[in-house]
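Student: Sequence:
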Amino acid sequence: MPELPEVETVRRGLNKLIIGRKILDVEILNEKSFSFAGSFLAKNVIGAKITIVRRRGKVLIIDLDNNFSLVIHLKMTGQMVVRGDKEWGAGHPTNSLIGRLPDKSTRVIFSLRGDAKLFFNDQRKFGWIKLLPTNEVDKIKFLVEMGPEPWEEKIDEKFTKNVRRHGNSMIKSIILNQSVIAGIGNIYADESLWMAKIHPKTRVKNLPDKKLKEICHAAGEIMQKSIDSGGSTMQTYVRADGTRGDYLEKFANVFNRQGQPCPRCKTLIIKIKVAGRGTHICPKCQKLS
DNA sequence: CTAGGATCCTGTCAGC
DNA sequence: TGCTGACAGGATCCTA
Numbered sequence: 261m262p263e264l265p266e267v268e269t270v271r272r273g274l275n276k277l278i279i280g281r282k283i284l285d286v287e288i289l290n291e292k293s294f295s296f297a298g299s300f301l302a303k304n305v306i307g308a309k310i311t312i313v314r315r316r317g318k319v320l321i322i323d324l325d326n327n328f329s330l331v332i333h334l335k336m337t338g339q340m341v342v343r344g345d346k347e348w349g350a351g352h353p354t355n356s357l358i359g360r361l362p363d364k365s366t367r368v369i370f371s372l373r374g375d376a377k378l379f380f381n382d383q384r385k386f387g388w389i390k391l392l393p394t395n396e397v398d399k400i401k402f403l404v405e406m407g408p409e410p411w412e413e414k415i416d417e418k419f420t421k422n423v424r425r426h427g428n429s430m431i432k433s434i435i436l437n438q439s440v441i442a443g444i445g446n447i448y449a450d451e452s453l454w455m456a457k458i459h460p461k462t463r464v465k466n467l468p469d470k471k472l473k474e475i476c477h478a479a480g481e482i483m484q485k486s487i488d489s490g491g492s493t494m495q496t497y498v499r500a501d502g503t504r505g506d507y508l509e510k511f512a513n514v515f516n517r518q519g520q521p522c523p524r525c526k527t528l529i530i531k532i533k534v535a536g537r538g539t540h541i542c543p544k545c546q547k548l549s
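In the numbering used here, the protein residues as written are 261 to 549.
It should be emphasised that the hints constitute simulated quantities derived from the structure, not laboratory data. Wrong hints could be hidden among the right ones.
To be verified - Pairs of lysine-lysine, DSS-like flavour, derived with a Cα cap of 25 angstroms:
| id | residue 1 | residue 2 |
| --- | --- | --- |
| 1 | 303 | 282 |
| 2 | 526 | 457 |
| 3 | 461 | 471 |
| 4 | 470 | 457 |
| 5 | 377 | 292 |
| 6 | 276 | 309 |
| 7 | 401 | 335 |
Predicted model, so just to flag it, every value in this text is computed and none were measured.
Please build the complete structure, drawing on both the sequences and the hints.
Tutor: Following this line, the structure appears as structure tokens:
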């Protein structure tokens with residue numbers, strides 16, 4: 261899925277394109293992709309104007325001018341794509357960003373004033389959109405329990421405190437836990453642990469605070485850099501020629517680089533399984549002590 | 001309480 | 001070519 265930097269990129273893109281637009285119609289092609297449907301939906305979405313697009317962790321929040329909000333989780337394959345007088349899109353890199361829309365992965369279509377459409381595409385149907393009164397958004401369990409954003413004040417203290425609650429767990433599964441810190445996914449977990457030279461299977465109890473701090477800083481830096489690099493995903497994979505994006509190939513040190521030399525020590529990167537997820541490490545830099 | 005595995009779903013790819 | 005199993009940038013639910 262898009263992780264924090266990709267969701268942030270989507271947020272910024274949407275803010276440029278759909279602020280102030282009125283929603284004229286909503287089409288739900290897959291019921292499970294949009295909860296709070298029925299008459300409630302029509303009454304509260306259609307006719308409303310989009311005021312701002314926010315983000316918390318990997319969750320997008322589109323506020324409307326009638327005190328309702330659309331809360332969106334893209335999960336593994338979700339995309340938000342705007343088509344119309346201008347053209348823009350972002351999300352998991354598949355050809356639906358470039359191809360004709362709607363396509364077979366289109367789950368929800370918002371028609372906007374100005375002859376534009378906002379498509380929610382989601383191949384695997386794990387993603388969701390919920391319609392809620394704006395003042396109830398923060399009460400969603402997932403958001404209530406969500407850990408700090410990576411650039412909050414005293415983030416390393418908060419991170420360490422949250423990590424320590426899971427002493428016997430493997431560090432990788434813990435930094436993927438959104439209640440520990442917001443926004444890290446499989447790519448940035450692997451990249452952060454490589455940066456901090458820590459084996460992903462290391463038990464939390466075997467890591468000193470200093471090491472946790474390093475992981476935390478690495479994660480923040482990597483994700484900030486990814487955002488700054490221009491919405492890591494966008495420019496590369498929305499291309500006229502319709503090819504897939506290559507930002508991963510340019511950006512990552514270990515992710516998806518099994519068989520290639522570690523940028524630090526030239527040892528070949530290997531791929532293992534940790535906490536049920538494909539995991540990429542340098543076997544020399546990241547030893548399990 | 002935690003840890004670990006199965007699960008939601010569609011599509012692609014490697015290996016036979 | 002067709003089949004099968006593994007796997008995919010996420011999070012929850014269930015079991016022990």
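Student: Please go over all the hints and tell whether each is borne out by the structure.
Tutor: Cross-check of the supplied hints:
1. Between the alpha carbons of residue 303 and residue 282 the distance comes to roughly 14 angstroms, so the proposed pair stays at or under 25 angstroms and holds.
2. For the suggested pair residue 526 and residue 457, the alpha carbons sit about 14 angstroms apart, so the restraint of at most 25 angstroms is met.
3. Note on residue 461 and residue 471: the hinted pairing holds, with a Cα-Cα distance of about 14 angstroms set against a maximum of 25 angstroms.
4. With a C-alpha separation of about 12 angstroms, the suggested pairing of residue 470 with residue 457 holds against the 25 angstroms cut-off.
5. Using a Cα cut-off of 25 angstroms, the hinted pair residue 377 and residue 292 holds, with the two alpha carbons roughly 20 angstroms apart.
6. Between residue 276 and residue 309 the alpha-carbon distance is near 14 angstroms, which keeps this suggested pair within the 25 angstroms criterion.
7. In summary, the hint linking residue 401 to residue 335 is supported, as the alpha carbons are separated by about 16 angstroms, within the 25 angstroms threshold.
Of the hints listed earlier, there is not a single one the structure fails to meet.
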